[in-house]
Amino acid sequence: MSGLLDRRLVVVTGKGGTGKSTLSAAIALASARRGKKTLVCEVVAKERVADFFGRPPSGTQIRELLPNLHSVHVRPREAMREYALMTIKYETLYKIAFENAAARYFLAAAPSLAEIVMLGKVWWHASREMERGRLRWDLVVLDAPATGHGLTFLSVPEVFLRLVQEGPLARDMRGMQSLLADPQRCGVCVVTLPEEMPANEAIELDRALRARNFPDGPLFLNGTFDSRFSPQELLQATRGGPLLAAAGEAADNHEARAQLSAQYEGVLREAVPRPLTRVPYLFERSFGVQAIDRVAHAIEGAL
Amino acid sequence: MNFADAVRGRKILCCVGSGGVGKTTTAAALALRAAMDGKRTLVLTIDPARRLANSLGLKEMGNEETRIEPSLFAQAGLHPRGEMWAMMLDLKHTWDDLVRRQARSAEQAKAILENQLYQTLSTAMAGSIEYMAMEKVYEVYNSGRFELVVLDTPPTSNALDFLHAADRILDVLDNNAMRIVLGPMLRAGKFGFKLLAAPSGLVLRTLARFTGSDFLRDLAGFMMAFEGMYEGFKERAGKVKALLTSREAAFVLVTSPNPHTTQEALFFHQALHKDGIGTAAVIVNRVQRDPRRHGGPDNLPALKEALQLAQIKDTGSPLLSERLCQTLNEQATLADLDRREVERLHQALRGVPLFSVPRLRKDVHDLAGLWQIDRYLSGED
Numbered sequence: 001m002s003g004l005l006d007r008r009l010v011v012v013t014g015k016g017g018t019g020k021s022t023l024s025a026a027i028a029l030a031s032a033r034r035g036k037k038t039l040v041c042e043v044v045a046k047e048r049v050a051d052f053f054g055r056p057p058s059g060t061q062i063r064e065l066l067p068n069l070h071s072v073h074v075r076p077r078e079a080m081r082e083y084a085l086m087t088i089k090y091e092t093l094y095k096i097a098f099e100n101a102a103a104r105y106f107l108a109a110a111p112s113l114a115e116i117v118m119l120g121k122v123w124w125h126a127s128r129e130m131e132r133g134r135l136r137w138d139l140v141v142l143d144a145p146a147t148g149h150g151l152t153f154l155s156v157p158e159v160f161l162r163l164v165q166e167g168p169l170a171r172d173m174r175g176m177q178s179l180l181a182d183p184q185r186c187g188v189c190v191v192t193l194p195e196e197m198p199a200n201e202a203i204e205l206d207r208a209l210r211a212r213n214f215p216d217g218p219l220f221l222n223g224t225f226d227s228r229f230s231p232q233e234l235l236q237a238t239r240g241g242p243l244l245a246a247a248g249e250a251a252d253n254h255e256a257r258a259q260l261s262a263q264y265e266g267v268l269r270e271a272v273p274r275p276l277t278r279v280p281y282l283f284e285r286s287f288g289v290q291a292i293d294r295v296a297h298a299i300e301g302a303l
Numbered sequence: 001m002n003f004a005d006a007v008r009g010r011k012i013l014c015c016v017g018s019g020g021v022g023k024t025t026t027a028a029a030l031a032l033r034a035a036m037d038g039k040r041t042l043v044l045t046i047d048p049a050r051r052l053a054n055s056l057g058l059k060e061m062g063n064e065e066t067r068i069e070p071s072l073f074a075q076a077g078l079h080p081r082g083e084m085w086a087m088m089l090d091l092k093h094t095w096d097d098l099v100r101r102q103a104r105s106a107e108q109a110k111a112i113l114e115n116q117l118y119q120t121l122s123t124a125m126a127g128s129i130e131y132m133a134m135e136k137v138y139e140v141y142n143s144g145r146f147e148l149v150v151l152d153t154p155p156t157s158n159a160l161d162f163l164h165a166a167d168r169i170l171d172v173l174d175n176n177a178m179r180i181v182l183g184p185m186l187r188a189g190k191f192g193f194k195l196l197a198a199p200s201g202l203v204l205r206t207l208a209r210f211t212g213s214d215f216l217r218d219l220a221g222f223m224m225a226f227e228g229m230y231e232g233f234k235e236r237a238g239k240v241k242a243l244l245t246s247r248e249a250a251f252v253l254v255t256s257p258n259p260h261t262t263q264e265a266l267f268f269h270q271a272l273h274k275d276g277i278g279t280a281a282v283i284v285n286r287v288q289r290d291p292r293r294h295g296g297p298d299n300l301p302a303l304k305e306a307l308q309l310a311q312i313k314d315t316g317s318p319l320l321s322e323r324l325c326q327t328l329n330e331q332a333t334l335a336d337l338d339r340r341e342v343e344r345l346h347q348a349l350r351g352v353p354l355f356s357v358p359r360l361r362k363d364v365h366d367l368a369g370l371w372q373i374d375r376y377l378s379g380e381d
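Sequences listed follow chains F and G, in order.
Just so it is clear: in the first sequence, position 206 is 206 by my numbering, and no numbers are missing.
Just so it is clear: in the second sequence, position 225 is 225 by my numbering, and no numbers are missing.
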């Protein structure tokens, strides 16, 4: 199997709050550093990646964040317009057909049409968009919606094709489906945390992804703590009297979290047949480019 | 004020907030507290990952109300005066029940339930889970079997999605709109609408180029089956919304001290406000406690001295004192950041009672853990 960064599309999935956007940004940064033209597509309501690099939101226009590193916010309405115009070609006809009250109803009724056009746009960037005779992007990183919704999102082509077999949209859906099933061109990563609920969800998500034959990418265990104190040191520090009360509690908290990290790493290694990469907890809340860079270094081996 | 005061008299608690902030755990903890206080309580959770099932030691929940075994409470050293029940929302079942209830005849219900598009739409449409969660709360509340219902909402990206999910889905089912779009495919006949084979009319032909005409035919078929039911759905959804926005119900914002989630919590609060709903309480989970509250040395020379006084060898690489100092600093940094964020939330939500639950040493996955959260919420800990 080819390395993750040698593929066309890397999808980053996981439970909400596990750090999907952080990992997406770090994967994209690592890719850009290798000289690959990289695009991050964010499909959730609020975009975050540009902010990590100290840039204003990209919006629906592709923006350069760093050399080789770009991001775009994929929103349903704009994606629909772009997508429909590619198929219909005539702006006037598009307006007549799509921009009226009745069509809005129809568009809402079509199963997951918003997801379809958003995924369609991502697919187009990953496998169709050309520049000077070659594909414009070496790698597209998709920061996918959270677990349940993320799975629905990736399954959209399959669901759609069950209902519709003809027409341009169905043809493109087949293209997407084949990209999403090709381990040479696509990898689906899972992000989780060393906590019970996120770990359980990662296990279920991994199973669901494999059952649907999405090509395996790495499992990222985000926010891990490494043990720093031997049991004896911990015992001494926590019983060191009032002068060591603060330091002792801090050490005790740290070891508790290190123990949870080790425990869930074990559980996940057992249950999830993907390579697991630990991403250390970062002691900062405003994630700047330095934080993303540290994550990128931590995951280098998995790429 | 403790949490119980903040929601006194309410019969429905909706826990809302972004994903990963501990909504499910919080909802279960609130239900446990009410059960301990003597209420017959149900926690309704929506969850493919069976989070609540895990946390309460339940294997199967389905769409059935399941009582938490009294023996589980006893094991945790708890003796509730009331009862705690749990239910996991089964999306498809709830939809099917609703269709059966609203259909004018068994034949109509059957036609809808067997329609391929209905099966996809009901489970895949955006907002479907939110809509059915509200529907289920309404049903359970009206059954009169529970004195309190706690709803663990799906991790909706925003409050508007939650409160307006039903409206958006019902727009889709609105037959008037159907007649406008699909009109050219339908002909009014003696027995209602009749389906024509091919799409006609400019709008329809253009749309068909986009989706294929199969889909349009399926859609028209579904709409025909649904004929006459829209008003009933609309009326019921109106009642559901009225209940959730009445004084019977309270919205509890759940968040973590992460700036992104507090931002979303504020957004949620504003969206509720726009709908005329007050936020009854805010719960901030996983707030780092500041180890410096114990006082004592927090810099390297002082820590070295403290180790010496306690006759602890300062060895290892890096030295024990250096590791202790780094660890203390890291956690102090986190505590500062969390404090600042909680303070910011407090300022922005003036007048809304705010409760902090500290980051606990262990994951909360059982009744004892839930009870520990309750103690923080009631100010006992």
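Incorrect hints may appear among the rest.
[What the hints assert, rightly or not] Taking lysine to aspartate or glutamate pairs in the EDC-like style, the calculated list, with each CA pair at most 16 Å apart, reads:
| hint | chain 1 | residue 1 | chain 2 | residue 2 |
| --- | --- | --- | --- | --- |
| 1 | F | Lys37 | F | Glu64 |
| 2 | G | Lys362 | F | Glu196 |
| 3 | G | Lys304 | F | Glu78 |
| 4 | G | Lys362 | F | Glu78 |
| 5 | G | Lys39 | G | Asp5 |
| 6 | F | Lys36 | F | Glu78 |
| 7 | G | Lys239 | G | Asp167 |
| 8 | G | Lys313 | F | Glu233 |
| 9 | F | Lys37 | F | Glu78 |
| 10 | G | Lys239 | G | Glu322 |
| 11 | F | Lys46 | F | Glu78 |
| 12 | F | Lys46 | G | Asp214 |
| 13 | F | Lys37 | F | Asp138 |
These are computed hints drawn from the structure, not numbers from a lab.
Hint by hint, here is what the structure shows:
1. Lys37(F) / Glu64(F): holds (10 Å)
2. Lys362(G) / Glu196(F): holds (10 Å)
3. Lys304(G) / Glu78(F): violated (61 Å)
4. Lys362(G) / Glu78(F): Not satisfied, since the Cα-Cα distance of roughly 45 Å exceeds 16 Å.
5. Lys39(G) / Asp5(G): holds (15 Å)
6. Lys36(F) / Glu78(F): violated (27 Å)
7. Lys239(G) / Asp167(G): holds (12 Å)
8. Lys313(G) / Glu233(F): Distance of about 9 Å is within 16 Å: holds.
9. Lys37(F) / Glu78(F): With a Cα-Cα distance of about 23 Å, the restraint between Lys37(F) and Glu78(F) is violated, given a limit of 16 Å.
10. Lys239(G) / Glu322(G): With Cα atoms ~62 Å apart, Lys239(G) and Glu322(G) exceed 16 Å; violated.
11. Lys46(F) / Glu78(F): holds (15 Å)
12. Lys46(F) / Asp214(G): Roughly 35 Å separates the two Cα atoms, so the pair is violated.
13. Lys37(F) / Asp138(F): holds (5 Å)
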